[in-house]
Amino acid sequence: MTIYSLSKWKWEVMIPTFLFPTFCNYISDEYLENIIFRKGDSVYYYEADNSNDTFNLIKKKVNL
0 MTIYSLSKWK
10 WEVMIPTFLF
20 PTFCNYISDE
30 YLENIIFRKG
40 DSVYYYEADN
50 SNDTFNLIKK
60 KVNL
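Numbering that gives the first Met the number 0 numbers the first residue of the sequence shown as 0 and each following residue consecutively.
Don't read these hints as lab results, they were simulated from the structure. Just so you know, even glycine gets a beta-carbon here, dropped at the ideal spot from N, CA and C. Hints may contain errors.
Distance ranges between label pairs, derived from CB positions [said to hold, decoys possible]: (1) K7 to S50: 17 to 27 Å; (2) R37 to W8: 38 to 48 Å; (3) A47 to W8: 31 to 41 Å; (4) S50 to L5: 12 to 22 Å; (5) L5 to T53: 14 to 24 Å; (6) I2 to D52: 24 to 34 Å; (7) N49 to K7: 16 to 26 Å; (8) G39 to V12: 34 to 44 Å; (9) W8 to S50: 22 to 32 Å.
Heads up, simulated BS3-like pairs for lysine-lysine below, C-alpha to C-alpha not over 25 Å straight-line [to be verified]: (10) K9 to K60; (11) K60 to K38; (12) K38 to K59; (13) K7 to K60; (14) K58 to K38.
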């Protein structure tokens, strides 16, 4: 998934491409809002840990 922002009429990558497992399940808007969120003045997202088969989510901060 890649997240873009529209700034000065130009699309810019806001969050670098990251993967998270869906296992072919439907992804709801609510689920996405919980994966990418704002806390205070910072934006965070959860990325799946692909180093094992449990795919634990790791919180990462976006450098804006």
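Outcome of the hint check:
1. K7 to S50: 17 to 27 Å: Since K7 and S50 have Cβ atoms about 38 Å apart, the given range 17 to 27 Å is violated.
2. R37 to W8: 38 to 48 Å: 23 Å, violated
3. A47 to W8: 31 to 41 Å: Hint holds: Cβ distance 33 Å, inside 31 to 41 Å.
4. S50 to L5: 12 to 22 Å: 34 Å, violated
5. L5 to T53: 14 to 24 Å: 36 Å, violated
6. I2 to D52: 24 to 34 Å: Holds: the Cβ-Cβ distance is about 26 Å, inside 24 to 34 Å.
7. N49 to K7: 16 to 26 Å: At roughly 35 Å between Cβ atoms, K7 and N49 fall outside 16 to 26 Å, so the hint is violated.
8. G39 to V12: 34 to 44 Å: 22 Å, violated
9. W8 to S50: 22 to 32 Å: With a Cβ separation near 40 Å, W8 and S50 fall outside 22 to 32 Å, so the hint is violated.
10. K9 to K60: 23 Å, holds
11. K60 to K38: Given that 25 Å is the threshold and the Cα spacing comes to 10 Å, the pair holds.
12. K38 to K59: With Cα atoms ~12 Å apart, K38 and K59 stay inside 25 Å; holds.
13. K7 to K60: Distance ~24 Å between K7 and K60 Cα, so the pair holds.
14. K58 to K38: With Cα atoms ~12 Å apart, K58 and K38 stay inside 25 Å; holds.
Checked against the numbered hints listed earlier, the structure breaks hints 1, 2, 4, 5, 7, 8, 9; every other hint is satisfied.
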